[in-house]
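So the sequences go chain by chain: A and B. Letter 144 of the first sequence, counting from 1, is numbered 144 in the UniProt record's numbering, and no numbers are missing. Letter 449 of the second sequence, counting from 1, is numbered 449 in the UniProt record's numbering, and no numbers are missing.
The set of hints was computed from the structure by calculation and includes no laboratory data. Computed from a predicted structure; not experimentally measured. Check the hints yourself; a few may be wrong.
The calculated DSS-like cross-link candidates involving lysine-lysine, where the alpha carbons are at most 27 Å apart (straight line), are [as the list claims (entries may be wrong)]:
#1 Lys371/B / Lys37/A
#2 Lys37/A / Lys402/B
#3 Lys91/A / Lys388/B
#4 Lys492/B / Lys91/A
#5 Lys37/A / Lys492/B
Heads up, incomplete: computed chain B residues facing chain A, CB under 10 Å, no partners named [to be verified]:
#6 Tyr38
#7 Asn41
#8 Cys113
#9 Arg399
What follows is a list of derived Cβ distance ranges for each label pair [claimed, not checked]:
#10 Glu410/B / Lys37/A: 52 to 62 Å
#11 Lys37/A / Gln199/B: 48 to 58 Å
#12 Thr36/B / Gly230/A: 52 to 62 Å
#13 Gly230/A / Lys363/B: 44 to 54 Å
#14 Glu152/A / Pro61/B: 55 to 65 Å
Cβ coordinates follow ideal geometry from the N, Cα and C atoms, glycine included.
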Amino acid sequence: MTINCLICHAELLPLLGWSALFLKEKPRYLCDVCQAKWERINGHTCKRCDRPMSEEDGDTCFDCIRWEKDAVWADCLTRNHSIVEYNDFCKEVIARFKYRGDYILAYPIAEMMKGSLLTIEYDFLVAIPLSTERQYERGFNQSEAIITALGEQSLSVLTRIHTEKQSKKSRAERIHLPQVFQLVERAVIQEKSLVLIDDIYTTGSTLRNAAKLLIEAGAKKVSSLTIARG
Amino acid sequence: MRFIVKNNRLHPVYEKTAQSFILSNAPSIPQPQMNTQYPINEDLQTLLQGKQLLHDDLTHPYELIQEHYENGYLQYRKSIAFEKNKPVCRRCGNTNPSLFAQFPCARCQEEACTYCRNCLMMGRVSSCTPLLSWAGPIIPPETIDSPLQWDGQLSAGQKKASNEVTQAIMENKNFLVWAVCGAGKTEVLFAGINEAIRQGKRVCIATPRTDVVLELAPRFKKAFPTIPIAALYGGSEDRHLHAQLTIATTHQLFRFYQAFDSLIVDEVDAFPYSNDETLQYAVQQARKPTSSIIYLTATPSEQWQGECRIGKRAYVTIPARFHRSSLPVPGFTWCGNWEKAINKNVLPSSVKRWLKERIDADKQTLLFLPKISNMKKILPIVQTLHPKVAAVHAEDPARKEKVLSMRKKEILILLTTTILERGVTLPNIDVAVLGAENRIFTESALVQIAGRVGRKAEAPTGTITFFHYGKTRAMVRARKQIVNMNIEAKKKGLIDD
Ligand SMILES: [Zn+2]
Ligand SMILES: [Zn+2]
Ligand SMILES: [Zn+2]
Ligand SMILES: [Zn+2]
Ligand SMILES: [Zn+2]
Ligand SMILES: [Zn+2]
Chain A
1 MTINCLICHA
11 ELLPLLGWSA
21 LFLKEKPRYL
31 CDVCQAKWER
41 INGHTCKRCD
51 RPMSEEDGDT
61 CFDCIRWEKD
71 AVWADCLTRN
81 HSIVEYNDFC
91 KEVIARFKYR
101 GDYILAYPIA
111 EMMKGSLLTI
121 EYDFLVAIPL
131 STERQYERGF
141 NQSEAIITAL
151 GEQSLSVLTR
161 IHTEKQSKKS
171 RAERIHLPQV
181 FQLVERAVIQ
191 EKSLVLIDDI
201 YTTGSTLRNA
211 AKLLIEAGAK
221 KVSSLTIARG
Chain B
1 MRFIVKNNRL
11 HPVYEKTAQS
21 FILSNAPSIP
31 QPQMNTQYPI
41 NEDLQTLLQG
51 KQLLHDDLTH
61 PYELIQEHYE
71 NGYLQYRKSI
81 AFEKNKPVCR
91 RCGNTNPSLF
101 AQFPCARCQE
111 EACTYCRNCL
121 MMGRVSSCTP
131 LLSWAGPIIP
141 PETIDSPLQW
151 DGQLSAGQKK
161 ASNEVTQAIM
171 ENKNFLVWAV
181 CGAGKTEVLF
191 AGINEAIRQG
201 KRVCIATPRT
211 DVVLELAPRF
221 KKAFPTIPIA
231 ALYGGSEDRH
241 LHAQLTIATT
251 HQLFRFYQAF
261 DSLIVDEVDA
271 FPYSNDETLQ
281 YAVQQARKPT
291 SSIIYLTATP
301 SEQWQGECRI
311 GKRAYVTIPA
321 RFHRSSLPVP
331 GFTWCGNWEK
341 AINKNVLPSS
351 VKRWLKERID
361 ADKQTLLFLP
371 KISNMKKILP
381 IVQTLHPKVA
391 AVHAEDPARK
401 EKVLSMRKKE
411 ILILLTTTIL
421 ERGVTLPNID
431 VAVLGAENRI
441 FTESALVQIA
451 GRVGRKAEAP
461 TGTITFFHYG
471 KTRAMVRARK
481 QIVNMNIEAK
491 KKGLIDD
């Protein structure tokens with residue numbers, strides 16, 4: 001049976017020779033042409049949120065400085081890791097995955113994230129929950145899908161209590177939003193290191209909201225891993 | 001959404017129980033008797049008749065939709081069915097296992113709900129998604145007395161085709177119009193569509209490309225100014241417009257179900273082989289059981305040509321262009337191992353000579369190449385001959401701009417992959433194919449490419465050359481097809497030269 005690229009449907013030609021032996025373990029989801037369209041983040045980035053920036057701008061970006069100056073938010077989220085830039089290709093893949101509901105794209109996305117996950121010390125992965133209505137509408141939760149594709153299980157400790165559309169609010173509104181998540185299970189996270197998994201880090205407010213709640217409930221450390229830095 | 005059976009009817013439920021099932025596992029779907037006392041929702045009727053939609057496509061409450069089903073006015077159908085344990089998408093006809101996937105579904109709570117990736121862009125259908133169709137009476141169409149307001153002239157060839165198309169539409173027959181590039185096939189449809197609409201029939205023109213929908217819609221709106229015309233493509237706003245004449249991309253046909261009395265399928269040859277089956281499926285779904293299908297093409301497949309020859313397929317040819325000049329016939333020029341040559345940064349001498357002649361005469365030129373990699377290799381070489389050289393391919397974001405600068409004569413030589421094989425009409429150009437032996441240049445692709453030459457009445461001639469490293473059957477057949485059309489046109493007195 002032939003395997004096809006999950007994006008362009010081109011046939012994936014079988015690997016030959018040595019590379020076939022070495023790469024046997026690694027599943028292939030995209031053709032080389034599509035795979036090359038990811039733009040990996042490398043070089044100097046903000047030490048908090050992984051935003052690409054120039055050396056002269058220091059080690060923390062302006063947004064993160066603002067977050068960390070605010071006593072409410074300081075040190076909730078230790079660090080965000082992002083893998084690729086939010087270019088047109090990434091935008092298309094995420095839109096197809098999340099909004100069109102092409103669940104299987106969680107696999108090539110997770111494949112990109114695996115290496116980074118190995119560098120993080122953690123006890124549990126935690127998905128960002130969706131409201132019940134949104135989850136019914138989409139059919140699945142994208143961050144849970146990524147965790148499954150990473151070969152792990154999401155620790156279900158959060159639920160969403162607020163369902164308003166984030167994108168319609170200004171940054172100031174979003175930052176001072178009342179708590180949007182609720183904790184359902186406290187004991188299991190005590191003194192544990194947690195990694196929040198999501199598709200994009202945009203303003204960081206969703207992730208910080210979740211992180212704050214988890215830290216206040218007794219988690220030792222919360223970081224995040226997202227495919228893209230928006 | 002899951003279902004249970006109660007009183008021999010389906011009932012939607014949300015809980016996963018021993019009794020509840022997902023639609024694709026339903027052994028059969030009972031259809032209740034029509035209750036004539038039930039006050040139907042006319043909005044729902046308008047939206048659903050001739051369609052197959054999803055709950056997500058409608059804003060109506062699920063309860064209202066269910067009520068229409070229970071009263072016999074609406075039909076639930078499986079979107080994904082399993083035949084011999086293999087998934088089949090009933091919306092798009094997809095049976096390719098690599099175009100299905102599974103997910104743990106929040107709607108039906110199944111761990112593996114199967115969805116179709118082939119028609120995902122029209123809204124995801126999965127094992128638990130019902131297709132909704134109207135099962136009640138349809139709104140009778142308005143009959144309009146002669147909506148056609150077009151006073152153009154048809155050529156003799158067009159006239160004959162126009163009469164036969166009209167007859168096929170009236171008699172609900174399938175019919176092929178084999179019209180050479182530049183024959184003017186759009187005008188050939190006017191009389192038949194006029195007659196259909198006069199009789200209250202619904203007509204759809206389906207074409208593979210959005211550009212064509214955008215180009216055809218204003219032409220039809222001008223010819224039929226008094227009737228509503230829906231132009232459907234991804235993201236268009238006419239989605240819920242119930243029109244007697246619909247112009248749509250073939251993809252949009254997936255939303256229709258037993259809708260059209262006449263379906264006109266443009267450029268049947270343009271479909272990549274892999275999509276061919278789902279296109280045929282979409283056409284069959286969208287037509288009414290009694291209806292006509294009119295196929296338009298400049299170059300039918302070998303199989304169809306054979307069927308025409310032995311009388312198995314009703315067809316008409318328009319063998320001559322509107323401007324009454326014969327079709328330019330391709331010349332074959334052997335150019336050796338051209339790929340090896342360009343890898344050493346040299347052009348085969350015959351190609352170089354050909355280009356130089358065009359440059360000296362200041363004649364605009366299209367040069368077709370089989371692969372993007374060839375194009376990248378050859379671009380700098382050709383640029384040493386002349387500064388005004390550009391290259392274009394399918395994924396080139398500046399594609400439209402480059403064609404435009406070609407029109408403005410800012411480019412003299414445009415290198416291209418098969419992306420410009422159809423649709424683009426440039427006046428007064430010469431065309432060549434380098435590597436015409438490549439598999440990508442099928443008979444129909446080559447006929448289309450040759451059809452780029454001599455399109456305008458002001459400049460009805462031009463040369464078309466196939467540079468090759470070994471003549472192929474496709475090349476020979478393409479040339480023969482063109483020569484035969486010229487002979488036929490001459491015989492029928494349709495050309496002057
Ligand atoms: Zn690909
Ligand atoms: Zn930062
Ligand atoms: Zn990192
Ligand atoms: Zn009921
Ligand atoms: Zn489902
Ligand atoms: Zn489908």
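Comparing the hints with the structure gives:
Restraint check for Lys371/B and Lys37/A: the C-alpha separation of about 19 Å stays at or below 27 Å, so the hint holds. Of the supplied pair hints, the one linking Lys37/A and Lys402/B holds, its CA atoms being roughly 23 Å apart against a limit of 27 Å. Simply put, Lys91/A and Lys388/B have alpha-carbon atoms about 35 Å apart, too far for the 27 Å limit, and the pair is violated. Our distance criterion of 27 Å between C-alpha atoms is broken by Lys492/B and Lys91/A, whose separation comes to about 56 Å.
Our distance criterion of 27 Å between C-alpha atoms is broken by Lys37/A and Lys492/B, whose separation comes to about 55 Å. Interface hint status for Tyr38/B: violated, as the beta-carbon distance to the closest one in chain A is roughly 29 Å, over 10 Å. This hint is violated: Asn41/B has a C-beta 23 Å from the nearest C-beta of chain A, more than the 10 Å allowed. Hint on Cys113/B holds. Least Cβ distance to chain A is approximately 8 Å, under the 10 Å limit.
Violation of the interface hint for Arg399/B is found here, the shortest Cβ-Cβ separation to chain A being roughly 15 Å, above the 10 Å cut-off. At about 30 Å, the beta-carbon gap between Glu410/B and Lys37/A misses the expected band of 52 to 62 Å. Between Lys37/A and Gln199/B the beta carbon distance is about 52 Å. The supplied range of 48 to 58 Å therefore holds. The hint said 52 to 62 Å for the Cβ distance between Thr36/B and Gly230/A, and at roughly 56 Å that hint holds.
Checked against the hint of 44 to 54 Å, the pair Gly230/A and Lys363/B passes, with Cβ atoms roughly 50 Å apart. About 39 Å separates the C-beta atoms of Glu152/A and Pro61/B, a value inconsistent with the hinted range of 55 to 65 Å.
Checked against the numbered hints listed earlier, the structure breaks hints 3, 4, 5, 6, 7, 9, 10, 14; every other hint is satisfied.
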